[in-house]
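In order, the protein sequences belong to chains A and B.
Quick note: the first sequence, position 423, residue 423 per this note's numbering, numbers continuous.
Quick note: the second sequence, position 142, residue 142 per this note's numbering, numbers continuous.
The hints are all genuine.
Simulated pairs of lysine-lysine, DSBU-like, Cα-Cα distance not exceeding 30 Å:
#1 34/B to 659/A
#2 142/B to 533/A
#3 85/B to 575/A
#4 663/A to 34/B
#5 638/A to 43/B
#6 599/A to 43/B
#7 575/A to 67/B
#8 617/A to 641/A
#9 663/A to 552/A
#10 486/A to 145/B
#11 43/B to 500/A
#12 663/A to 28/B
#13 43/B to 595/A
#14 659/A to 67/B
#15 145/B to 28/B
#16 480/A to 398/A
#17 659/A to 145/B
#18 533/A to 43/B
#19 659/A to 43/B
#20 43/B to 486/A
#21 43/B to 491/A
#22 663/A to 16/B
#23 533/A to 28/B
#24 641/A to 599/A
#25 43/B to 629/A
#26 575/A to 43/B
#27 43/B to 663/A
#28 663/A to 142/B
#29 43/B to 587/A
#30 142/B to 85/B
#31 480/A to 43/B
#32 533/A to 67/B
#33 533/A to 145/B
#34 85/B to 533/A
Read the hints as simulated data drawn from the structure, not as lab findings.
Each chain, letter by letter, is given below.
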Amino acid sequence: MDMSQYLEIFIEESKEHLQSLNQSLLQLENNPEDSSMLNEIFRVAHTLKGMSGTMGFNRMAKLTHDMENVLHALRNNELKINTKLVDLLFKCLDALENYVDNITNNSNEGSNEYSEIISALNSAIKDGPESIEIKAESTHNGTDKEQNAGTAATEIVTADIQINEYEQNVINKAREVGMNAFQITVQLNKGCVLKSARAFIIFQSLERYSEVIKSEPKVEDIEDEKFDFEFTVVIVTKEKAELFHRELNSIAEVENVLIKELFEKPVESSAIETKIEDIPAVIAQMSEKEEKTPEKEETEGPKTSASAKAKTGKTVRVDIDRLDVLMNWVSELIITKTRLEGIESLERTQTFNEAVEYLERITTNLHDAVMKVRMVPVETVFNRFPRMIRDISKDLRKDIVLKMTGEETELDRTVIDEIGDPLIHMLRNSADHGIESMEKRKALGKPAEGNIYLRAYQDGNNVMIEVEDDGGGINTEVVKKKAIEKGLLNKDVANNLSQKDIIDYLFRPSFSTADQISALSGRGVGLDVVKTKIETLGGAVEVETELGKGSKFIIRLPLTLAIIQALLVLIGNEKYAIPLGSIQEIKNILPSDIKLVQKQEVILLRNMVVPVIRLDKVLDVPKDEREAKQLTVVIVRKGEKLSGFVVDSIIGQQEIVQKPLGKLFIGNRTVTGATILGDGNVALILDINSLA
Amino acid sequence: MDELLNSDLKQFVVFKLDKEEYGVDIHKVTTIEKMGRIARVPKTPGYVKGVINLRGEIIPIMDLRTKFNLPEIEETEDTRIIIVKVNDIIVGMIVDAVAEVLQITEEAIESINSFSSDMTMDYLLGVGKVDERIVTLLNLDKLVKSSN
Numbered sequence: 001m002d003m004s005q006y007l008e009i010f011i012e013e014s015k016e017h018l019q020s021l022n023q024s025l026l027q028l029e030n031n032p033e034d035s036s037m038l039n040e041i042f043r044v045a046h047t048l049k050g051m052s053g054t055m056g057f058n059r060m061a062k063l064t065h066d067m068e069n070v071l072h073a074l075r076n077n078e079l080k081i082n083t084k085l086v087d088l089l090f091k092c093l094d095a096l097e098n099y100v101d102n103i104t105n106n107s108n109e110g111s112n113e114y115s116e117i118i119s120a121l122n123s124a125i126k127d128g129p130e131s132i133e134i135k136a137e138s139t140h141n142g143t144d145k146e147q148n149a150g151t152a153a154t155e156i157v158t159a160d161i162q163i164n165e166y167e168q169n170v171i172n173k174a175r176e177v178g179m180n181a182f183q184i185t186v187q188l189n190k191g192c193v194l195k196s197a198r199a200f201i202i203f204q205s206l207e208r209y210s211e212v213i214k215s216e217p218k219v220e221d222i223e224d225e226k227f228d229f230e231f232t233v234v235i236v237t238k239e240k241a242e243l244f245h246r247e248l249n250s251i252a253e254v255e256n257v258l259i260k261e262l263f264e265k266p267v268e269s270s271a272i273e274t275k276i277e278d279i280p281a282v283i284a285q286m287s288e289k290e291e292k293t294p295e296k297e298e299t300e301g302p303k304t305s306a307s308a309k310a311k312t313g314k315t316v317r318v319d320i321d322r323l324d325v326l327m328n329w330v331s332e333l334i335i336t337k338t339r340l341e342g343i344e345s346l347e348r349t350q351t352f353n354e355a356v357e358y359l360e361r362i363t364t365n366l367h368d369a370v371m372k373v374r375m376v377p378v379e380t381v382f383n384r385f386p387r388m389i390r391d392i393s394k395d396l397r398k399d400i401v402l403k404m405t406g407e408e409t410e411l412d413r414t415v416i417d418e419i420g421d422p423l424i425h426m427l428r429n430s431a432d433h434g435i436e437s438m439e440k441r442k443a444l445g446k447p448a449e450g451n452i453y454l455r456a457y458q459d460g461n462n463v464m465i466e467v468e469d470d471g472g473g474i475n476t477e478v479v480k481k482k483a484i485e486k487g488l489l490n491k492d493v494a495n496n497l498s499q500k501d502i503i504d505y506l507f508r509p510s511f512s513t514a515d516q517i518s519a520l521s522g523r524g525v526g527l528d529v530v531k532t533k534i535e536t537l538g539g540a541v542e543v544e545t546e547l548g549k550g551s552k553f554i555i556r557l558p559l560t561l562a563i564i565q566a567l568l569v570l571i572g573n574e575k576y577a578i579p580l581g582s583i584q585e586i587k588n589i590l591p592s593d594i595k596l597v598q599k600q601e602v603i604l605l606r607n608m609v610v611p612v613i614r615l616d617k618v619l620d621v622p623k624d625e626r627e628a629k630q631l632t633v634v635i636v637r638k639g640e641k642l643s644g645f646v647v648d649s650i651i652g653q654q655e656i657v658q659k660p661l662g663k664l665f666i667g668n669r670t671v672t673g674a675t676i677l678g679d680g681n682v683a684l685i686l687d688i689n690s691l692a
Numbered sequence: 001m002d003e004l005l006n007s008d009l010k011q012f013v014v015f016k017l018d019k020e021e022y023g024v025d026i027h028k029v030t031t032i033e034k035m036g037r038i039a040r041v042p043k044t045p046g047y048v049k050g051v052i053n054l055r056g057e058i059i060p061i062m063d064l065r066t067k068f069n070l071p072e073i074e075e076t077e078d079t080r081i082i083i084v085k086v087n088d089i090i091v092g093m094i095v096d097a098v099a100e101v102l103q104i105t106e107e108a109i110e111s112i113n114s115f116s117s118d119m120t121m122d123y124l125l126g127v128g129k130v131d132e133r134i135v136t137l138l139n140l141d142k143l144v145k146s147s148n
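Sequences and hints are given; from them, build the entire structure.
Listed below in structure tokens is the structure:
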């Protein structure tokens, strides 16, 4: 049976399923008890297995089948979910994605058997999730310390903490409901400097998986560094001891972790009766906490699965090329309509005018409808980021939270496809260079958790995407030094540069201020590619940063790529178009109204000082030098700023079809495109954002 | 007729610039157009004259005279724009006149080593000799890439 015709559908659907699996697994990680999520995952995996089997992709089917076995065991509570298992499942997803990529590129799944993953899956079922061992682990770099600590599992303890009756009761209650209680002694490296900071991190780590019942010395004393090099805590938790061994040992400057399991002990009930009510509260608090941790990824967890179901209503898959053809014809229609409108010579009867007006309404609506077809919410790009940040945070040993807003904002299909890579790079940058290490953050008085904000919203004719972090900000001095070192900048000129100019150097090819190259970034290849990509899409990128507080990268992308309302103006002999959305007003002034402030020409607009830009000079328009009696100034708005553009005359408002100028003009800061006027001539569309 | 199938034979569109004849690979030539209104694009190198509207598409135009440092002249009846497509980039080149399509064999093409001119060697594929004529063959890939 010839399967090739179904290949495209298979690829599309597999990608969708894998994406949904990624999201669901992330949610499951934060809500291990969510059985509906588990069922969902099982269902999708099952579907994938069927699909790949039908298409003859046997390796993929086998992997999915083994995954299914593990999921089945989880569903029946034969297996308990833990971080190792989740990581293993994520690895399975990565392997499946690789298969699909191979299929996309080569029409076959490739020869990788992923036998390590399969055997890990099988051993998980046989021996339980603790037995999972996969080499080249990206999540927790298996250091020797970990392996050794593993053997020191639940051995002797230096000094037993005194547990009073109340605390013992809590332990009893906890064990009753199936939780564990441990006494953990943490010994810090004798050379450890910021003991309180280190302890803080340890407590953070503990609190993520357990409730600390008691600590010796007391928490306040620990914060004041009133301890030598060790402290002991008593915790109740759902997790096993190995987790804490691993987590705590992976914190820097922790010398040793000694864990002792605590058991029920009979307790004198009398003195504590009043306190017993508190115990269920503590336990309840514990389980609550585990549900609350998904603030990590604010991507509206359960809501997305609900909306995903809603969306599978009535959809049609359409070839992008067909949409482009449709778009082209609509553009042509609009140009022709404009020509009709411009006809003066014909005797324009009432009927004619009415017909043309109606035609105008139709074309506008048609245009809007076609544009909507091409618009896709940015969510499709954003939804893979939470997983990415999770993996990166683990790699970097930092605690990073990704907060996304505005995922419903829509962008043109072609832009969506291209914006993914630049965003990935910027997010990695923020995680790697922006957010400081946990120790440093604590030392600076910042919360150990680093925040990265990803926002999308509409602003006039543009869609803005912001990547902001509350990390260390960009040190312009370092950038300046690097630029001078590389010979890109002259030392004397350097001192006169504005912060903005200096930051621009970061966008040069091969520019990096990182001392070390990490696997993630630092080679200096990324930001210039990001900038070029964004400019190719007709957009721009800006940076705002404050040392110590953080940085914000702002990407502006044009909303509608093709048809816009514009104002046609005449400069010299040349016609130019200014997008209407940016225009605030048009003013006629006398040449004497232009004043000079610090060598910059300005005018007064209702008591506001507005800088004036003589377009004929900026655009090198050949014209005679006669100073006109009156000047026409087009006041445009860019964000909060106003600027005045001096033109020779206004031709009129017109709907124009924006045509790209082509690759040769990328980086041209004056025009964003061209349009074909009704008379067949070309008018250039001014890049207001760059000129202002 | 066998000659046409002979892979040693290359076809070139031959055009005139000043007193010299040049040739470009026919496979890269899309169309040849008459001169029209060119819209100037600010802040571009001198040899980029601007863009034109070619049946609804915006095509950048460069003036080969300027590119090769020849004096500019008024356009004539014979001035043409050769539209070429190189690596997905479509560009038009202004030339004084288009002569014909010539077939030049591999052997008849000599690579330039010694003699220099104002033009950078980069743009040249070689020099073709046909009958008594000398046709300078241009490397379109290099020519168009350098415009970036």
